[in-house]
Amino acid sequence: MIKNISNLGDAALYCDFGVEVNKQINSEVIKYFNTIKEKNIEGINNLTPSYNKLIISFDLRITNFREIKDRIEKLDVRQTLKTNNKKLEIPVCCDSSFSLDIERLEKKLNLTKEKILENFFSKDFFCYMTGFIAGMPFLGDLDQNMRAQRLETPRVKVPKGSVGITEQFADIYTFESPGGWNIIGNTPIEVFDSSKEIDPNLINPGDTVKFKQITLEEYKNYNE
Amino acid sequence: MNKNYFEIIRAGVNTTFQDKGRNNLYHIGIPFSGAMDYRNYLLANKLVGNKLDLPVIEFAYQGPLLKYNGDKINIAITGEVIFKLKKRDNEIQGNCYESYLIEDGDEIDILSTNKSVYGYLAISGEFDLKLQWGSCSINTKANIGSNDGKKLENKQEIHISKINLKQEKKKADYLNSKVENIRVIRGTNFDYFSEEGKKIFFEKDFMVSKLSDRMGMRLEGPKIENIVNTNIKSEGLLKGVIQVPADGNPIIMLSDHGTIGGYPKIGVVASVDYDRLVQISPGSKIKFKEIELPDAETLFKLYEMETQNLLSQI
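Residue numbers (my numbering), protein chains in the order written: chain A, 1495 to 1718; chain B, 2 to 315.
Chain A on its own, in the form it takes in the complex:
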């Protein structure tokens, strides 16, 4: 359920689902997101679901905060929506040329490289949201002993395909971008395909992701 609706500027609704980050709250966010998307409400021009918030942007030429708030409050979201969540396996190579922050992480977490990777590759990750840059999945949750802060000084360029962790989350850089996550490996897979106008994202909110470690040899041959 939405706990509170406020305005974010004059052209968006800020729907707060609670302070915590967990699958249950996130599923509520996604349920609302899917329902509103299906209803095609006039004036709404964007929806941004995240861990525990949903931002609804609208065209101020067509509608306003009060009208959209009213529509959302009266929305019937009880109906069960068809979910087509996928289970995906993502290959990741942790060769030292890719695992840019592994030594830093060994110190931060006080764990050996082997332990860090063992923990990372044994997890099933849940996709909470996609964004920041096109197609970037935000995945969780890492165990308590695997949670590290962002780099103090973010990188100006994180290589495309980099797999990073911070706090309880993991992400994949779908193209070269600035960023501050701790990079542990790289995937040869295209996680965002801009040539596809429908479903350009490989990983979508609600999907389950399991990472599979591959060798440098396998990485190099992956797209051949």
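Keep in mind that the hints were calculated from the coordinates and are not lab data.
Derived CB-CB ranges, DEER-like:
1. K1531(A) with T308(B): 24 to 34 Å
2. E1712(A) with D149(B): 26 to 36 Å
3. I10(B) with D1564(A): 54 to 64 Å
4. R1555(A) with D192(B): 27 to 37 Å
5. N70(B) with E1712(A): 47 to 57 Å
These figures come from a predicted structure and were not determined experimentally. Using N, Cα and C, we set each Cβ at its ideal position, and we do this for glycine too.
With chain A fixed as given, assemble chain B onto it according to the hints.
For chain B alone, kept in the frame of chain A given last:
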């Protein structure tokens, strides 16, 4: 039929194709993009007799030098732009908000956007462009849009697929207004900041940093102190949102912004002032003034009426 095209002799600093942008893609990480200064974008299309949502060329600071090859065509430039038209036997100083007929061999030399940032060039016809998600708008950070999502380069050609049959001289009487104050609605994390920090935000001058682009405008000035947490759980962003990271310097999200961010939101620029905000150039001063939601809505309505009025007079 002749081939009609521009040859780019000098591409300029940041020359891209833009239109109204893309909707309904935030959830996969793709922002609106589109022309930064929407009013000047609409005016450019209207001055050449186009449908208002057609692609135009957007440039920043120093614009392109273009040589035209082909059949006669009208062009119009909007913004605060200094440009010259070089004809076979004469050279004229161009005026913004006025259409000009150009012929084979003519050159358009867009020297500068003066003390503003963005300007627009429209042609009386259509550029030959591949759209992505229904829009030509180039987002160079994500490589999305026409021209493979890259800005225009020297020696490239810009092809024209269609020239309007009617080439009519048009003019508008318009002056871009200068704003000193940018009106802002309180953000969802306004109370993360100290009383002193909030006061500074609405009372002091900030300077627009050189590190500003279509993604965001960075500001420098007195630091805004956070007393709660310098990070929030990552959530959606919008154009106009003002985030304050740990260093206390505000960043305003602009049209090509990342769709998700984790810094506290101190405020959001009112829609009425967005077109003017993006035109404030690096090194200039900016000051925020607080307004309430109902006032922001009314002011936007008036601004929109004024835009429609301007368009109907062309």
